[in-house]
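Number of protein chains: 2
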Amino acid sequence: MELLCKPIGKIKSPFKNKFAVPRQAGLIKEIHSKITFNKSYQPSLSLQGLEGFSHVWILWGFHLNNSDNFKAKVSPPRFEGKKQGVFATRSPHRPNPIAMSVVELVDIGPDHIWVKGADLVDKTPILDIKPYIPEYDSIPDARSGWLELVRESIDEVNISMNCKTKFDDYFERIDAQKDFINSDQLIGFLSNLIKEDPRPMQSRDSSKENVKEDFVLDIYNFELFFHIKDRMAEIRDFKLKRGPRAS
Amino acid sequence: MELLCKPIGKIKSPFKNKFAVPRQAGLIKEIHSKITFNKSYQPSLSLQGLEGFSHVWILWGFHLNNSDNFKAKVSPPRFEGKKQGVFATRSPHRPNPIAMSVVELVDIGPDHIWVKGADLVDKTPILDIKPYIPEYDSIPDARSGWLELVRESIDEVNISMNCKTKFDDYFERIDAQKDFINSDQLIGFLSNLIKEDPRPMQSRDSSKENVKEDFVLDIYNFELFFHIKDRMAEIRDFKLKRGPRAS
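Line by line, the protein sequences give chains A and B. Throughout, the numbering used here is defined as the position within the first sequence, counted from one, plus 1235. Throughout, the numbering used here is defined as the position within the second sequence, counted from one, plus 1235.
Please note that the accuracy of each hint is not assured.
Identical copies carry no separate label here, and so any pair may be met within one copy or between two of them.
What the hints assert, rightly or not - Derived lysine to aspartate or glutamate pairs resembling EDC-like cross-links, with alpha carbons at most 20 Å apart:
| # | residue 1 | residue 2 |
| --- | --- | --- |
| 1 | Lys1308 | Glu1286 |
| 2 | Lys1274 | Glu1237 |
| 3 | Lys1317 | Glu1286 |
| 4 | Lys1274 | Asp1346 |
| 5 | Lys1308 | Asp1346 |
| 6 | Lys1264 | Glu1370 |
| 7 | Lys1306 | Asp1346 |
| 8 | Lys1358 | Glu1237 |
| 9 | Lys1318 | Glu1286 |
| 10 | Lys1430 | Glu1370 |
| 11 | Lys1269 | Asp1453 |
| 12 | Lys1247 | Glu1237 |
| 13 | Lys1476 | Asp1414 |
| 14 | Lys1269 | Asp1342 |
| 15 | Lys1351 | Asp1376 |
| 16 | Lys1401 | Asp1449 |
Hints are computed from structural coordinates only; laboratory data are not their basis. All values reported here derive from a predicted model rather than from experimental measurement.
Okay, chain A solo, but in the shape it has when bound (with noise of 0.2 Å):
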C-alpha cells in the first residue's frame, strides 16, 4: 500500500533557506507566518471550528530534501557527530519525508490561517492541519533520551557596533515589525538562532577554528553575516536584498 500525498496550500515564513532554521519551537515563538489554502479545498468552510484552539499542528513535507537513498543512522547537529537511528531523530532525511510542528494559532482568514513559532522555511508545501488537543498530545514529563545530553555550542553571541548602528537605523525597512517592535529584539532573536550553531559538521573541523568564514542567514528581506570562531560567534554585517519588499 503506498499513499500519494498533495499540498493542502502552502506557508510563508520569513525563512527563506534551510540553514539556520530554528530546530527548537521555543526560539521562534515570535515568528509569525502565513499558511495560504488551495481553493479546491474549501478554506472557508473546512477551517470552520478551528477558532477554539489555540495551537495546531502542521504536517509538512521536506520538500527540499532528496530521501531516495535511506541511511539507517544519521547525524543530529547538534549532538557534536555522533550518529543516532534515524527513528530516534527529527532528521529530515527519513523514509517518508513528513515532518510535524506544533504552532500556535493567531488568526483565522478566508483562505488562510497566521501561526507563530513556525520552524517552516518559506514556501514549503503545507500535507495537513490537526487540532492540538492536550488530553491527548501532551506529556510534559515523558523523558528524552539523547537530547537530554545536548548542550549549546555557541558560548556567546557578539554584533560589530557598526553593525549594530546600521540595524537601527534600517530597522523601518526590515520587514520584520510584525514579529518585533524594534532592532534590540530583532538582534536578540538573531542571536539565538546562531547560539544553537547552524554550521553544518564539516564547516565545524577543530582545525579550521583558526578561520573565519562567513557565514549567511537570509531572513526577511535581508541577508546576515556571521562568523563563528572557537565557540564565540559575531555578527559581522547584514545587507537589504534588493527587488520588491514582501508584502
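Take the given structure of chain A and dock chain B to it, following the hints.
Chain B in isolation, oriented as in the chain A frame:
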C-alpha cells in the same frame, strides 16, 4: 509537488476493525501493540538511540478509508451530529489520510518495538516513528475548542450476569493476558470503550431507541455483543473466535 509515502512496517494490535477503536488515548493506556519494521529499513540500526525516550509519535495511514471524495465539513461522532470543518477535527476523512498518535515506548527488539496506548487497527501500515520531545510537543494549557463541549454519551454500562461468569471462566483463553491480569480489568476496559458510544450517527436516531440493536466489537480473539437503549448500554454476550489463536 506530490509526495509518495511507503509503509515502513505494520502494527499488530487487538483492534480487529475500525468499530469501537478508542478516540481517546487515555482510554487505551493498557493495550500493548507491536510494530514490526520492514528489513529494508534496517531496524537494528535505525532504532538505535530510541531507548532513552519514554514516548514516540507514530505516523500512520488511514488505510481503510477512501479519501478521494473530499468533504470540507465532517460530523465528529462525539459531537451529536454537529458539523465542523475537517481541519478542526482529527477525522480520518481528510485530504491526506495521515494520522499521528503518541504512544508509550515499552520495549525495543531487533526488528520491532512494543508500545502501549496505540489507537490503531490491526495491520495498519506505519509511515514513520519520531521521538516525542516534551520541550517541543507538550503544551499542557493549550485550549481545545469545541472538544471542550463534548460530553460522554452513555451514562452507564452494565454486563449481564451470564456474560460476566463466562468472562471469568474463559479468561485464560482470551488473548489479553499481556494487558489485563483478570476478567474484571478487561471488562472495565471494554465498558470504557462502550461508554464513548461507538455507534455510527445513523444508529443513534432517537426514534429507534426502543429497538435493542446488537453491536459487535471485534477485539483480541473474541467478539463482544452489546446494545444501547436510551443512554444505557449492556454487554450481552461474548464469543471466542474459531481458528488458530493469534500469537
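Tested hints:
Only between protomers do Lys1308 and Glu1286 lie at most 20 Å apart by alpha-carbon distance; the minimum there is 15 Å, versus 40 Å within a single protomer. In this assembly of identical chains, the alpha carbons of Lys1274 and Glu1237 lie at most 20 Å apart only when taken from different copies (17 Å versus 26 Å within one copy). In this assembly of identical chains, the alpha carbons of Lys1317 and Glu1286 lie at most 20 Å apart only when taken from different copies (16 Å versus 43 Å within one copy). Proximity of Lys1274 to Asp1346 under the C-alpha cut-off of 20 Å is restricted to the intra-copy arrangement: shortest distance 7 Å within a copy versus 43 Å between copies.
Taking CA atoms no more than 20 Å apart as the test, Lys1308 paired with Asp1346 passes between copies only; the shortest distance there is 15 Å, against 40 Å inside one copy. Taking CA atoms no more than 20 Å apart as the test, Lys1264 paired with Glu1370 passes between copies only; the shortest distance there is 13 Å, against 22 Å inside one copy. With identical chains, the CA atoms of Lys1306 and Asp1346 are at most 20 Å apart between copies only, with a shortest distance of 16 Å across copies and 39 Å within one. In this homomeric assembly, Lys1358 and Glu1237 come within 20 Å of each other (Cα to Cα) only across copies, at 14 Å, whereas the closest approach inside a single copy is 25 Å.
Within a single copy, Lys1318 and Glu1286 get their C-alpha atoms only as close as 41 Å, which misses the 20 Å cut-off; across copies the closest is 14 Å, which meets it. In this homomeric assembly, Lys1430 and Glu1370 come within 20 Å of each other (Cα to Cα) only across copies, at 17 Å, whereas the closest approach inside a single copy is 33 Å. Taking the closest pair of Cα atoms, Lys1269 and Asp1453 come within 20 Å of each other only inside a single copy of the chain (18 Å); across copies the shortest separation is 44 Å, beyond that limit. In the homo-oligomer, the alpha carbons of Lys1247 and Glu1237 lie at most 20 Å apart only across protomers (19 Å), although the nearest pairing inside one protomer, at 29 Å, exceeds that limit.
In this assembly of identical chains, the alpha carbons of Lys1476 and Asp1414 lie at most 20 Å apart only when taken from the same copy (19 Å versus 61 Å across copies). Within a single copy, Lys1269 and Asp1342 get their C-alpha atoms as close as 9 Å, which meets the 20 Å cut-off; across copies the closest is 40 Å, which misses it. Taking the shortest Cα distances, Lys1351 and Asp1376 sit within 20 Å of each other only across copies (16 Å), while inside one copy they are farther apart (24 Å). Taking the closest pair of Cα atoms, Lys1401 and Asp1449 come within 20 Å of each other only inside a single copy of the chain (18 Å); across copies the shortest separation is 75 Å, beyond that limit.
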